[in-house]
Amino acid sequence: MKGKAERDRLALGRLLLIGVPFAWLGLFFLLPFTIVLKLSLSEPALAQPPYLPIVEWVEEAGELYLAIRLRVQNYLTLVGDGLYLAAFASSLRIAATATVLALLVAFPIALGMARCPPRVRPFLLLAVMLPFWTSFLIRVYAWMGILKDDGLLNALLLTLGLIEEPLVILNTETAVLIGIVYSYLPFMILPIFANLEKHDPSLLEAAVDLGCRPIVAFWRITVPLARPGILAGCFLVFIPAVGEFVIPDLLGGADTLMIGRTLWLEFFTNRDWPLASAVAIAMLLLLVVPIVFFLRLQALGRLR
Amino acid sequence: MTTARPVREARPRIEPWQDPDAVPFVRIQGVTKTFGEVYAVDNVTLDIFKGEFFALLGPSGCGKSTLLRILAGLERPTSGRVLIDGQDMTDVPPWRRPVNMMFQSYALFPHLSVRKNIAFGLEQERLPRAEIAERVAEVVRLVHLEGLEDRKPDQLSGGQKQRVALARALVKRPKVLLLDEPLGALDKKLRDQTQLELVNIQDRLGLTFVIVTHDQEEAMTVGSRMAIMREGQIAQIGTPSEIYEYPASRFVAEFVGEVNLIEARFASVNGTTMRVRAPALGIEIVTDRPVPALPGEPLWVAVRPEKMSIAKTPPAETGYNCVEGEVFDIEYLGDVSVYHVRLDNGLFLRATEANKLRLIERPITWEDRVWLSWGPDASVVLKT
Numbered sequence: 001m002k003g004k005a006e007r008d009r010l011a012l013g014r015l016l017l018i019g020v021p022f023a024w025l026g027l028f029f030l031l032p033f034t035i036v037l038k039l040s041l042s043e044p045a046l047a048q049p050p051y052l053p054i055v056e057w058v059e060e061a062g063e064l065y066l067a068i069r070l071r072v073q074n075y076l077t078l079v080g081d082g083l084y085l086a087a088f089a090s091s092l093r094i095a096a097t098a099t100v101l102a103l104l105v106a107f108p109i110a111l112g113m114a115r116c117p118p119r120v121r122p123f124l125l126l127a128v129m130l131p132f133w134t135s136f137l138i139r140v141y142a143w144m145g146i147l148k149d150d151g152l153l154n155a156l157l158l159t160l161g162l163i164e165e166p167l168v169i170l171n172t173e174t175a176v177l178i179g180i181v182y183s184y185l186p187f188m189i190l191p192i193f194a195n196l197e198k199h200d201p202s203l204l205e206a207a208v209d210l211g212c213r214p215i216v217a218f219w220r221i222t223v224p225l226a227r228p229g230i231l232a233g234c235f236l237v238f239i240p241a242v243g244e245f246v247i248p249d250l251l252g253g254a255d256t257l258m259i260g261r262t263l264w265l266e267f268f269t270n271r272d273w274p275l276a277s278a279v280a281i282a283m284l285l286l287l288v289v290p291i292v293f294f295l296r297l298q299a300l301g302r303l304r
Numbered sequence: 001m002t003t004a005r006p007v008r009e010a011r012p013r014i015e016p017w018q019d020p021d022a023v024p025f026v027r028i029q030g031v032t033k034t035f036g037e038v039y040a041v042d043n044v045t046l047d048i049f050k051g052e053f054f055a056l057l058g059p060s061g062c063g064k065s066t067l068l069r070i071l072a073g074l075e076r077p078t079s080g081r082v083l084i085d086g087q088d089m090t091d092v093p094p095w096r097r098p099v100n101m102m103f104q105s106y107a108l109f110p111h112l113s114v115r116k117n118i119a120f121g122l123e124q125e126r127l128p129r130a131e132i133a134e135r136v137a138e139v140v141r142l143v144h145l146e147g148l149e150d151r152k153p154d155q156l157s158g159g160q161k162q163r164v165a166l167a168r169a170l171v172k173r174p175k176v177l178l179l180d181e182p183l184g185a186l187d188k189k190l191r192d193q194t195q196l197e198l199v200n201i202q203d204r205l206g207l208t209f210v211i212v213t214h215d216q217e218e219a220m221t222v223g224s225r226m227a228i229m230r231e232g233q234i235a236q237i238g239t240p241s242e243i244y245e246y247p248a249s250r251f252v253a254e255f256v257g258e259v260n261l262i263e264a265r266f267a268s269v270n271g272t273t274m275r276v277r278a279p280a281l282g283i284e285i286v287t288d289r290p291v292p293a294l295p296g297e298p299l300w301v302a303v304r305p306e307k308m309s310i311a312k313t314p315p316a317e318t319g320y321n322c323v324e325g326e327v328f329d330i331e332y333l334g335d336v337s338v339y340h341v342r343l344d345n346g347l348f349l350r351a352t353e354a355n356k357l358r359l360i361e362r363p364i365t366w367e368d369r370v371w372l373s374w375g376p377d378a379s380v381v382l383k384t
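Keeping their order, the protein sequence lines are chains A and B. According to our numbering, the first sequence is numbered sequentially starting from 1. According to our numbering, the second sequence is numbered sequentially starting from 1.
Check the hints yourself; a few may be wrong.
Some chain B residues well away from chain A (every beta-carbon gap over 10 angstroms; in silico) [what the hints assert, rightly or not]:
1) P20
2) F49
3) L74
4) H111
5) R115
6) E125
7) K188
8) E231
9) E245
10) A293
11) K307
12) T352
Taking lysine-lysine and the DSBU-like style, the derived pairs with C-alpha atoms no more than 35 angstroms apart in a straight line are [what the hints assert, rightly or not]:
13) K50/B x K198/A
14) K198/A x K152/B
15) K175/B x K198/A
So the derived label-pair ranges between C-beta atoms look like this [what the hints assert, rightly or not]:
16) W219/A x H144/B: 28 to 34 angstroms
17) Y332/B x V216/A: 55 to 61 angstroms
18) L167/A x P98/B: 41 to 47 angstroms
Derived by calculation from the structure, the hints in this document are not laboratory data. These numbers were taken from a predicted model, which means no experiment stands behind them. Quick reminder that beta carbons are idealized off the backbone N, C-alpha and C, glycines included.
Work the whole structure out from these sequences, hints included.
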């Protein structure tokens, strides 16, 4: 039998252990989120900071009131003004397209890496992660040099005689997709590779032995088993891609509407912090709610 | 009270390899497989008949698994041909071969239920759903998996997984079923029981089984015939009793069962009696299976420990097949005891006695002077 003192000590230890991540989340997620939420319900003002407080002491007819003013107009603007809805929709569409493209590029790479002899794999992993050694911004700028009208890509295609006149890629949605796929590719490759590496090669042999052509075995065995890796990769690409600001700003044209860019414009150009905060909160809900719901379904499916 | 252990179902002895007119069902002809410089399988020729339970036995790395994978089509032989039921299979991909394999790791598909795992092979044949369901149910009954059809592989015990793997291969009704160390992961009791079940299933369905194992007891229990492999080559082919009683080489004698090996030199042959001298023991050894040899040629005599009699008094004839020594150690194994006898020249021989009586007082004990003797039919002369 353990003594009461010891049990208390264990309970305290457990509390401390769980406390660390909770404190982290509280400090770096919940607190900023609350501040942004508060901001999104306040009134803009030409002041420093550019919004009015939502909680105020008001003296009226000699009586003191604690007045809480929640301005819902910011959210109404989001719904009412077609620009924001269009930006949300276009962000989701671009992010989804980029995710699918990244998956199509990443899966064969991950599969090739997983099928390599184990002693080669660390070098391939290094090669996948090598771009991180250079600043993200510089790499996106490099793409501008590649994609512009008199850039490297057009020069190459013209020299090869494949095209007559330069392709217009920069400042289009295509350039944004290329930028996102390129930038987030490692986040798609790594989880899929980590999953594929663990597959037992005898499963494919068994499938082939039971009458599957290798391509059928791939679809019926490798792909379903790689699902957790594919899902993780898709989330890792899709979520940041929706809110991506740098890539559409540098590679996209004026007509490439993405919510990250809209948000930036509201904050820094219009200095409408409350509206920008409302955009941020709406984006968060838009992403988190369906994902939590989806993961919940997944967990239920696994239990069954 | 009865035991739950299945008994081997009585079956008529069929020995197609004795029949000169029988056409082998599986023919492996001069098959070689190299991995770089290494000869995994080295010019193996082997015939297996329909309805056989053929065992490939050998130490790890002897090429037995590679040979099985060549039969399955998972490896391509570097040279040589494989014929199954008269058809050349050498260039046929595994998904078109009428053979199925039960993998050592079972290789069950973790994302599919037991039912889906078993049905997997039939779905590839695009059979009607009703027929698939019927054949799956039939094989589920055969291997006693009723009630587990909806479980996933990670919800099964080792023995249940083994039976799913067997069912998944059997449901395809292969011409040849290949088993790669199928029982390696099971504990001894379950393994013994499963071996007999395998034999009964094979017998009932009349299928041809080829099993790879490193466990000689398993090979002897299930095998109608066996091939002992060593370094990619076949050391000996025969029925379990042929191989046990008349090993062709020292390697086979030592690999299958326990054996005393005595160095000897050729002395004389007289009809069916062959005499050799064992200089180290200072005795003559007589055998009733002569082998051609030159005078003075170095030979070995193999004598199984259980064929040696141990006694505290000298036998009637002490001129041959008899040595004197001292009991150095006794291993009591329950059913038998192994006596380690040190001869006067320092060599050791082993003799095994069945413990028919309860050993309250050992008739023979440590440091007793004893005589070991054996009959002419117990000594096998080996040249290599």
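Here is how each hint holds up against the structure:
| no. | hint | verdict |
| --- | --- | --- |
| 1 | P20 | holds, 34 angstroms |
| 2 | F49 | holds, 23 angstroms |
| 3 | L74 | violated, 5 angstroms |
| 4 | H111 | violated, 5 angstroms |
| 5 | R115 | holds, 15 angstroms |
| 6 | E125 | violated, 6 angstroms |
| 7 | K188 | holds, 25 angstroms |
| 8 | E231 | holds, 25 angstroms |
| 9 | E245 | holds, 37 angstroms |
| 10 | A293 | holds, 48 angstroms |
| 11 | K307 | holds, 43 angstroms |
| 12 | T352 | holds, 40 angstroms |
| 13 | K50/B x K198/A | violated, 39 angstroms |
| 14 | K198/A x K152/B | holds, 19 angstroms |
| 15 | K175/B x K198/A | holds, 33 angstroms |
| 16 | W219/A x H144/B: 28 to 34 angstroms | holds, 32 angstroms |
| 17 | Y332/B x V216/A: 55 to 61 angstroms | holds, 58 angstroms |
| 18 | L167/A x P98/B: 41 to 47 angstroms | violated, 55 angstroms |
Hint violations for this structure: numbers 3, 4, 6, 13 and 18, all remaining hints satisfied.
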